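Line by line, the protein sequences are chains V and D.
Using my numbering, the first residue of the first sequence is number 1, and each one after it goes up by one.
Using my numbering, the first residue of the second sequence is number 1, and each one after it goes up by one.
Since the hints were derived computationally from the structure, they do not count as laboratory data.
Check before you lean on any hint, since a few could be wrong.
The list treats identical chains as interchangeable, and a pair is accepted whether it falls inside one copy or across any two copies.
[Unchecked claim] Only pairs whose alpha carbons sit at most 25 Å apart, straight line, appear in this in silico BS3-like list of lysine-lysine:
hint, residue 1, residue 2
1, K164, K384
2, K252, K311
3, K270, K356
4, K164, K326
5, K356, K384
6, K252, K356
7, K311, K384
8, K164, K252
9, K164, K356
10, K164, K311
11, K326, K270
12, K356, K253
Source: prediction; values computed, not measured.
2 protein chains.
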Amino acid sequence: MFSFDLLARDGEARAGKLLTRHGTIETPSFVPVGTQGAVKSVSLRDLHVIGTQVIIVNSYHLHLQPGEDLIERVGGVHRFTGWEGPLITDSGGFQIFSLGVAKEHGVGKIAPIFPEQRDRGRHFSSKSEKPLVRVDEDGVEFISYLDGSAHRFTPEGIVDIERKLGADIILVLDECTSPFHDYYYTREAMERTHRWATRALEVFRHTSDSTQAILGIVQGGAYRDLREGSARFIAGLGFDGYAIGGSLGRSKKEMYQVLEWTIPFLPHDKPRHLLGVGEIEDIFQVVRRGVDLFDCILPTRMAQTGTFFAKKEDRFRIHILNARFKDDLRPIELGCNCYTCRNYSRAYLRHLFMAKEILAMRLATIHNLHFLELLMRQIRSAIKQRRLAELWREWVIPNDADPYA
Amino acid sequence: MFSFDLLARDGEARAGKLLTRHGTIETPSFVPVGTQGAVKSVSLRDLHVIGTQVIIVNSYHLHLQPGEDLIERVGGVHRFTGWEGPLITDSGGFQIFSLGVAKEHGVGKIAPIFPEQRDRGRHFSSKSEKPLVRVDEDGVEFISYLDGSAHRFTPEGIVDIERKLGADIILVLDECTSPFHDYYYTREAMERTHRWATRALEVFRHTSDSTQAILGIVQGGAYRDLREGSARFIAGLGFDGYAIGGSLGRSKKEMYQVLEWTIPFLPHDKPRHLLGVGEIEDIFQVVRRGVDLFDCILPTRMAQTGTFFAKKEDRFRIHILNARFKDDLRPIELGCNCYTCRNYSRAYLRHLFMAKEILAMRLATIHNLHFLELLMRQIRSAIKQRRLAELWREWVIPNDADPYA
């Protein structure tokens with residue numbers, strides 16, 4: 001059970017409804033990340049109150065711990081986690097490669113990396129002498145960060161893992177290149193990813209019970225002909241939707257360009273998921289270019305360091321540890337209706353962070369997720385009213401020059 | 001505004017109502033500990049849903065961070081933390097001495113120490129060569145664990161700090177001895193504590209605006225004549241209530257005996273607070289001897305290690321990391337109505353602890369606090385029905401021999 005209805009367009013931006021077995025996702029939507037089967041620090045009720053529509057969890061992490069067999073035995077990832085809404089499983093391609101090849105280059109998805117991505121590879125010793133990841137035609141071999149055991153992922157094996165997990169939407173295994181890989185390696189990896197996608201779809205179709213949808217992943221780094229070729233190839237395979245993965249270049253400008261190269265080759269009537277984007281400016285930029293779903297650890301990662309989203313602040317952020325908040329009894333954002341802003345002051349939140357109370361992280365996560373959910377609601381209704389550019393100006397101009405100029 | 005009404009008695013056990021400016025506490029009551037102004041990992045709403053009546057926070061910790069002046073400036077500890085119910089501030093006597101003198105002996109309140117108390121002194125290096133705490137007639141000097149700065153607490157100074165914090169019930173400064181202090185030192189420290197109590201009450205009476213109540217603290221270690229003398233002396237000063245502090249001996253049996261020596265000398269019409277008790281067996285034992293209030297970090301400390309209270313289990317505990325729970329879809333306790341048991345399985349809770357997700361600690365804390373709150377409700381109604389012995393047998397017999405035997 002999976003369908004996607006386009007409800008409205010405003011330029012390339014789209015508002016739609018994605019129907020899954022566990023409910024509907026209104027798009028464009030931000031997808032909170034619950035890597036290990038839990039969105040960091042928050043409970044199911046917190047997510048319900050925030051209005052979270054869908055979460056993405058990671059097959060790689062759940063494979064290592066507690067294992068897909070256990071999760072299947074207890075009735076699947078919804079039953080296991082208690083999350084009853086739509087759920088996506090990422091294949092773990094990014095995790096495997098960012099902890100191996102990309103790690104060698106010290107970079108994440110785009111270079112210079114976003115601070116929030118810097119630690120994604122923290123589980124691996126950079127001094128390790130044996131390669132942590134080895135790719136061949138069949139798949140990829142890697143070492144568990146938990147116990148050093150060797151694991152092999154293949155396109156078919158990942159589909160099997162994701163079927164056992166039982167998410168509504170699953171992603172194929174891809175090879176994720178770094179911005180420092182050259183054109184030739186990026187092409188080689190992309191072609192391998194294409195062959196893997198073909199194999200994954202083949203096995204998915206032969207074993208499908210129609211409860212899950214599968215997304216292909218476009219690769220090709222920041223090279224125009226590769227992105228175009230990859231989009232065309234992956235779209236030609238006929239997936240239920242398309243994710244845009246891999247290196248998005250060395251700057252935001254390059255990232256936006258990658259989208260402009262890629263999206264025209266993806267079918268209009270299928271959802272598009274961008275992997276790993278969550279900055280406010282980026283959200284407007286990617287939605288404007290036709291992205292329907294995107295996930296990012298940013299709101300939870302920001303929460304760990306006492307950083308709160310705030311509309312009127314520089315870079316849309318408040319660092320609560322700043323001394324100017326120490327006797328500030330106002331909420332993080334005046335008028336914000338989240339649990340944190342309704343009940344706690346900046347002064348007290350700052351104290352909680354200073355005192356390293358773990359409640360602090362949850363309160364920050366609640367605010368940050370609520371903030372994005374509210375923004376996405378505004379974006380969806382702006383698209384329906386063809387007022388996205390107007391909304392963007394209202395948001396971005398106090399911080400920057402007119403983004404449409 | 002402070003009054004205490006005795007509603008019922010069952011032997012020495014009492015059920016009562018303690019009225020404070022911020023609401024009523026039905027006694028006997030367990031008091032969750034919010035050392036730094038927050039009960040570890042849970043929010044205000046969590047406490048409301050659990051039915052927590054009162055919390056105790058620590059003047060010593062709040063003095064060091066963020067400071068009583070800041071808290072006074074923003075309107076007091078209720079306004080600062082958002083907790084609107086009854087609130088007690090501990091003087092910090094235990095913290096100062098357990099991090100100094102008692103630390104030298106490697107012990108907490110009773111010896112051998114409860115595991116949950118072992119870490120109370122973790123902020124101090126045991127290898128430090130200069131003494132961390134120095135007592136004289138005037139007060140006590142200690143080094144901040146945060147920045148190494150020197151601080152001096154006096155009986156008068158602590159009353160001033162606690163007045164600025166603005167709790168409903170405050171405790172005087174006492175010198176807390178260890179079970180390994182000998183009779184002579186214990187007596188010397190007790191006599192100093194008596195002189196401090198007299199000074200504290202004097203300054204409290206001269207500056208009181210009738211919004212706060214003050215509790216004296218009985219000392220005297222595990223020595224009968226000292227406990228009796230201390231109870232008589234402190235009771236003679238005429239406090240609003242009485243706390244029983246200091247060393248409670250080297251075994252649970254000695255702890256119960258300390259209560260039997262002390263309580264007969266305390267006035268019947270005032271509340272009695274036992275500092276630092278939270279084990280299920282102990283709760284029955286101390287309530288039976290006439291204790292009205294007691295606080296302990298046990299439920300939150302247990303939560304940090306994946307330990308949940310459970311009625312039918314050995315020592316009333318489940319260690320969720322045990323492999324036998326790995327695909328157990330039941331809640332921690334069948335029939336338990338707490339948020340955790342209504343929404344999460346043992347299998348998933350185990351996974352959260354294995355994966356070191358901080359949500360785990362909150363879910364465990366919620367269950368443990370709910371469990372104690374429910375027990376206390378049962379104890380209060382059993383006292384009113386003169387059925388406390390019956391309730392005790394129902395709880396304890398599956399685990400142990402008849403405690404009344």
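Going down the list of hints, with the structure as the test:
Proximity of K164 to K384 under the C-alpha cut-off of 25 Å is found in neither arrangement, the shortest distances being 38 Å within a copy and 54 Å between copies. In this assembly of identical chains, the alpha carbons of K252 and K311 lie at most 25 Å apart only when taken from the same copy (20 Å versus 57 Å across copies). Within a single copy, K270 and K356 get their C-alpha atoms no closer than 45 Å, and across copies no closer than 37 Å, so neither meets the 25 Å cut-off. In this assembly of identical chains, the alpha carbons of K164 and K326 lie at most 25 Å apart only when taken from different copies (17 Å versus 49 Å within one copy).
For the homomeric pair K356 and K384, neither the shortest alpha-carbon distance inside one copy (43 Å) nor that between copies (42 Å) is at most 25 Å. For the homomeric pair K252 and K356, neither the shortest alpha-carbon distance inside one copy (33 Å) nor that between copies (33 Å) is at most 25 Å. Taking CA atoms no more than 25 Å apart as the test, K311 paired with K384 passes inside one copy only; the shortest distance there is 22 Å, against 55 Å between copies. In this assembly of identical chains, K164 and K252 lie within 25 Å of each other by CA distance neither inside one copy nor across copies; the values are 37 Å within and 51 Å between.
Taking the shortest Cα distances, K164 and K356 sit within 25 Å of each other only across copies (23 Å), while inside one copy they are farther apart (38 Å). For the identical chains of this complex, K164 and K311 are neighbours neither inside a copy (41 Å) nor across copies (35 Å), given an alpha-carbon limit of 25 Å. Neither within a single protomer nor between protomers do K326 and K270 lie at most 25 Å apart by alpha-carbon distance, with minima of 49 Å and 39 Å respectively. Proximity of K356 to K253 under the C-alpha cut-off of 25 Å is found in neither arrangement, the shortest distances being 37 Å within a copy and 37 Å between copies.
Going down the numbered hints, you'll see the structure goes against 1, 3, 5, 6, 8, 10, 11, 12, while the others check out.
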